[in-house]
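Knowing the structure of chain A, use the given hints to seat chain B on it.
Top to bottom, those sequences are chains A and B. For the first sequence, my numbering gives the first residue as 1, with consecutive numbering after it. For the second sequence, my numbering gives the first residue as 177, with consecutive numbering after it.
Just so you know, these hints were derived from the structure itself, not from any lab. Please note that a few of the clues may not be correct.
Partial pick of chain A residues on the chain B-facing surface, computed with a CB cut under 7 Å [claimed, not checked]:
{"no.": "1", "residue": "Leu29"}
{"no.": "2", "residue": "Thr32"}
{"no.": "3", "residue": "Phe36"}
{"no.": "4", "residue": "Asn39"}
{"no.": "5", "residue": "Asn43"}
{"no.": "6", "residue": "Thr48"}
{"no.": "7", "residue": "Phe50"}
{"no.": "8", "residue": "Thr51"}
Cross-link-like lysine-lysine pairs, in silico, DSS-like; alpha carbons within 25 Å at most [claimed, not checked]:
{"no.": "9", "chain 1": "A", "residue 1": "Lys19", "chain 2": "A", "residue 2": "Lys8"}
{"no.": "10", "chain 1": "B", "residue 1": "Lys242", "chain 2": "B", "residue 2": "Lys256"}
{"no.": "11", "chain 1": "B", "residue 1": "Lys256", "chain 2": "B", "residue 2": "Lys186"}
{"no.": "12", "chain 1": "A", "residue 1": "Lys19", "chain 2": "B", "residue 2": "Lys342"}
{"no.": "13", "chain 1": "B", "residue 1": "Lys224", "chain 2": "A", "residue 2": "Lys44"}
Ranges between beta-carbon positions, derived for each pair [unchecked claim]:
{"no.": "14", "chain 1": "B", "residue 1": "Leu201", "chain 2": "A", "residue 2": "Ile90", "range": "54 to 64 Å"}
{"no.": "15", "chain 1": "B", "residue 1": "Thr375", "chain 2": "A", "residue 2": "Lys19", "range": "42 to 52 Å"}
{"no.": "16", "chain 1": "A", "residue 1": "Arg34", "chain 2": "B", "residue 2": "Gly504", "range": "49 to 59 Å"}
Positions of the beta carbon are idealized from the N, C-alpha and C atoms, including for glycine.
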Amino acid sequence: MANVNVKKVDRITQTLWEKSYIPEIVRGLSVTSRHFFRNLRPNKAKRTTFTREYPEVQTVYPERYRGLHRLMLRDDGQVRCVACMCCSTICPADCIHIEAGEHDDPTIEKYPSIFVIDELRCIVCGLCVEACPCDAIRMDSGKHIPPYGERDEAFFDRDLLMQLGGLSQAKQGGRR
Amino acid sequence: MAEVLIPIIKISVIVFGFVMAVASLMTLLGDRKQSAKIQNRIGPNQAKFFGFSLMGIPHFIADGIKMILKENITPAGSNKFLHTIAPGLVFMPALIGWAVVPFMDFYCTGTVQTLPDQNYTEICVGGEWKNYFSIMHMNSGLLFAFAIAAISVYGAAIAGWASNSKFSLLGGLRSSAQMISYEVSMALSLGGVLMIYGTLNLNEMVRMQGNMFGDWLPMWGIVVQPLAFFLFFLAGLAETKRAPFDLPEDEPVIVAGYITEYSSMKFAMMQLAEYAATVFIAALIAVIFLGGWQMPYVYADGIHFLGNHWTPFGEEAWYWISIFLRIGAMVFKILFLVWLQFMMRWTLPRFRYDQVMTLGWKILLPLSIANLFVTAFILMIL
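Excised from the complex, chain A in its bound form (with noise of 0.2 Å):
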């Protein structure tokens, strides 16, 4: 109990006008009624409501905005992914699944033949994107992940990740 800081801190003392109350709640009324009035303008930009329409009007997601994921495109249409492991590594919710198989191109090493995210787990930290060395898998879709009635649902395979994908600029399999 020795040191204890007090700090002595002035009441704020009310001048008379305060004081006698009505003023006051005249000056509160009128700044209640300058937003009721601004609000009830027939033109509507001009009104100064914050409230998002949602499910009426989308939501303007920002550029890096995390959704569902998605599995980008060869030029040829097969998948970037080489089933190198990074992203299945390094997720802290451990919800990537990865089974490679043997591509039968020379030219690439290995696929995944089983590639299965499980959206329920996923805690969308992006860090799957960051850790992918070839550009194979984002989370750019923009798209919330969506409600599932069935706990199967949640698991979101190869070929159902692709359909969102797209072909990326990036060059893959290029000599250094």
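Okay, now just chain B, sitting in the frame of chain A:
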């Protein structure tokens, strides 16, 4: 036959067509839409009639249907009889008081003459006054209104006691203490007005407010008794348990006060009764302080302004136009005051309970007594 029909028509038009309509619309437009506008929100707009949201008015019908379909719960250990009749006891006084509120002057079967040399008093020549625009013509109308407003505290207290819940009991106690305290200053603030007008009849009071000071300033209550207007307005807010005086249903402290244990339509009745009481107090303030159905310079036989007099559209037509103008003025004043009460609600934070009592007994009461004495003194000198 007409003697029976006319009061029934008057009651149904005033009570159901006006009071209930305004009170139930206020649950939506006043509470939810108005607060939304003040707080830069949109407010309820999802219930729709054929795809039109109509300012959210369908929500009030949806709420009504929801209330009817909800389970009606009577808590265990409550007094079932009192718990059931309490909403009625709150609700009835809010409607009975309307019996004496005049929406227009008496209808004159002859022709009306305004006498500018006798303070713009209106007299009916060649006919008699017929009471078509207020339910009851009562010489002690003001006393009746106060008596009715005061007994609504029984409903709140009984509801609080019969619910067998500590929150309800606290709410009921708070409500009775608050209403009894503010009743005193409310009535005393009107003392000065009564001395000036010299009548308890509300319609007579409104007629007196058609008088003019020096041909241009209408002798409204707010002009002759400005302090009493503020006192009465504050006490009226407290009396109807509106914010910032809504301590009896202080949700962070005692859940919902005396309506905690009510559900279904009983709850809706309690809520509607509060809104109806709000409209009733607004009507009383309009009648006593804002000239009731009087419009400045507009009289039944034409427009009088600074000693000039002209009658647009001829005598007969103008009488009807003036009737509609005056009813419109009364309705407008009531709606404006209701709006103002809701603005107060969304402007001011709630008082603490000791602050409410301090304001009532230590500020409003001495001020109203002082107002009474000063008015009496001035009237004695004049």
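Please verify whether Lys19/A and Lys8/A have alpha carbons no more than 25 Å apart. holds, 24 Å
Mind checking the alpha carbons of Lys242/B and Lys256/B for me, to see if they're no more than 25 Å apart? holds, 23 Å
Holds or violated: are the alpha carbons of Lys19/A and Lys342/B at most 25 Å from each other? violated, 36 Å
Status of the hint placing Thr48/A at chain B (closest C-beta pair under 7 Å): holds, 5 Å
Pairwise hint evaluation, Lys186/B against Lys256/B, where the allowed Cα distance is 25 Å at most: violated, 35 Å
Per-residue hint verdict: Leu29/A, partner chain B, C-beta under 7 Å: holds, 5 Å
Report holds or violated for the interface hint on Asn43/A, using the least CB-CB distance to chain B and a cut-off of 7 Å. Violated. Min distance 15 Å.
Less than 7 Å between beta-carbons is the criterion; does Thr32/A satisfy it with respect to chain B? Holds, about 5 Å.
Is Lys224/B close enough to Lys44/A, meaning Cα to Cα at most 25 Å? The given pair, whose Cα atoms are some 20 Å apart, holds under the 25 Å limit.
Is the distance from the Cβ of Leu201/B to the Cβ of Ile90/A consistent with 54 to 64 Å? The hint (54 to 64 Å, Cβ to Cβ) holds, given that Leu201/B and Ile90/A are roughly 59 Å apart.
Given a hint of 49 to 59 Å, does the C-beta separation of Arg34/A and Gly504/B actually sit inside it? The hint (49 to 59 Å, Cβ to Cβ) is violated, given that Arg34/A and Gly504/B are roughly 27 Å apart.
Between Thr375/B and Lys19/A, does the C-beta distance stay in 42 to 52 Å? violated, 37 Å
In summary, the numbered hints that this structure violates are 5, 11, 12, 15, 16.
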